[in-house]
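Peer 1: Residue-level listing of the chains:
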Amino acid sequence: MAFPGLLNYWFVVILMMIGFFIVIAHGNLVKKIVGLNVFQISVFLFYITMGKVDGGSAPILAEGIEVYSNPLPHVLILTAIVVGVATTALGLALVVRINESYGTIEEDEIGAMEDDA
Amino acid sequence: MLALLVVTVIAAVRSTDLFAAAILFGIYSFLTAILFMDLDAVDVAFTEAAVGAGVSTVLLLSTLRLTGRYEQRHKHSPALPLVVVGLTGAALVYGMTDAPDFGDPEAPAHTHVAKRYIEDGPRETGVPNMVTGVLASYRGYDTLGEVFVVFTAGLAVMMLLGTRVRGGRSSGREAIGDLLVLRVVGKVLIAFVMLFGLYVQFHGDYGAGGGFQAGVIFATALIVYDLVFGEADARRVMPHIWTERLIAIGILIYLGVGVAGMLLGGPFLDYSKLATDPVKGEHLGILLVEFGIGVAVFGAVMSIFNAFSGLRLPSEGGRDDV
Chain D
1 MAFPGLLNYW
11 FVVILMMIGF
21 FIVIAHGNLV
31 KKIVGLNVFQ
41 ISVFLFYITM
51 GKVDGGSAPI
61 LAEGIEVYSN
71 PLPHVLILTA
81 IVVGVATTAL
91 GLALVVRINE
101 SYGTIEEDEI
111 GAMEDDA
Chain C
1 MLALLVVTVI
11 AAVRSTDLFA
21 AAILFGIYSF
31 LTAILFMDLD
41 AVDVAFTEAA
51 VGAGVSTVLL
61 LSTLRLTGRY
71 EQRHKHSPAL
81 PLVVVGLTGA
91 ALVYGMTDAP
101 DFGDPEAPAH
111 THVAKRYIED
121 GPRETGVPNM
131 VTGVLASYRG
141 YDTLGEVFVV
151 FTAGLAVMML
161 LGTRVRGGRS
171 SGREAIGDLL
181 VLRVVGKVLI
191 AFVMLFGLYV
201 QFHGDYGAGG
211 GFQAGVIFAT
221 ALIVYDLVFG
231 EADARRVMPH
241 IWTERLIAIG
251 ILIYLGVGVA
261 GMLLGGPFLD
271 YSKLATDPVK
281 GEHLGILLVE
291 FGIGVAVFGA
301 VMSIFNAFSG
311 LRLPSEGGRD
321 DV
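Here the protein sequences line up with chains D and C, keeping their order.
No gaps in the numbering here: position 107 of the first sequence is 107 in the numbering used here, and each next residue is one more.
No gaps in the numbering here: position 145 of the second sequence is 145 in the numbering used here, and each next residue is one more.
In short, the hints are calculated from the structure, not lab data.
All values derive from a computational prediction rather than experimental measurement.
Each residue gets a CB set at the ideal place from its N, CA and C atoms; glycine is no exception.
Some clues are possibly wrong.
Said to hold, decoys possible - Covered stretches of chain D, as calculated for chain C (at least 3 residues, CB under 8 Å):
{"no.": "1", "stretch": "14-28"}
{"no.": "2", "stretch": "39-53"}
{"no.": "3", "stretch": "90-103"}
Isolated chain D, as found in the complex (with noise of 0.2 Å):
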């Protein structure tokens, strides 16, 4: 490779920090919710990049291919995503449901009403 070895990982952890700072730093609800999809998807690409081996192929059983990447991080990853959309789905049914009671996903007037209530 012709890049430095470890360029793959400093990039997860930029994506990662800005998933990070998404959720901690914007009161939107939905936009929280955006961020930690960012930083999932940080977290299944360092998994992927660490299954990657040089000059393998994908883990296919091919004629005339001697080297293949890791099966074992795909698997996790796989499942990982899909689990990961239901999760996210279950997050923005209870956004749903915030605004339905609250009339805002906005995290300052939520709070606001709760110190008036």
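Let chain D serve as the given structure and place chain C on it in line with the hints.
Peer 2: Below, chain C alone, put in the same frame as chain D:
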């Protein structure tokens, strides 16, 4: 490629239009899928493209329809979060200095069980796609647990949002518009998407694919149908009560295969007894389990979509329950 990802995400952060943020998130997912492809993870790329870029975006948009499109500018300064994020990031980068180089075949991740999956997997399971083999056979328990998580999440969403339109008066949301071009293209496209879903389901043992992807792809076909032809028509094709039952049916297929192996004298989720030849039995077991996963995931995605799209805005007549 990675830089492109970062740019997309930063654009998503800056936009206060949540609609744009949702679409940018879809683009981000799709870019990651391409990146996974490049890193040899074809199955994962497949799933990410179908789930992240497809279903997640649809769900985000349905939420926005119910909650409003614009984010408020927040009042407090972003300085403190930036410091926290910077420190965490620095700590992570510092922790990574010892990590093995990218693509190093001697990295610890490749020297334990992975070796056996690659060397013996296809021979022991009769399935050339090692990802499918590991997923359904070696890590069968794990996958079963994950299907249960999907099941539980689907259930929780339905409990939070309610499962069907109450009162029976409403015939459901209308189609997005009576556009001829949508109907014609939709009709042609849906057939192919479904066919492709079936191919992915039953060819997952030889090529990229499997139950998780097929379930999502199949659900996408019906979601498109729902959007183009309206909810009433879609419900005639696939009654809601059935999408809910399908989640349970899928899990029961999975468990049933496990119990069948047990009745034939093997441990739970050991497929080698399902046929006279152990390898054939493994292969058969993997196919059946993948089918169960496909059915369960399809049911879950459809039910979640139905729960979201079944809700009415107050301006549209309000919800009938609550």
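Peer 1: Please go over all the hints and tell whether each is borne out by the structure.
Peer 2: Consistency of the hints with the structure:
Given a C-beta distance limit of less than 8 Å, the hint that chain C covers the stretch 14-28 of chain D holds, as 14 residues qualify and 3 suffice. Remark: the stretch 39-53 of chain D is confirmed as covered by chain C, as 9 of its residues place a Cβ nearer than 8 Å to a Cβ of that chain, reaching the required three. For the stretch 90-103 of chain D, the stated coverage by chain C holds: 9 residues have a C-beta nearer than 8 Å to a C-beta of that chain, and at least 3 were required.
Going through the hint list in order, the structure satisfies each hint without exception.
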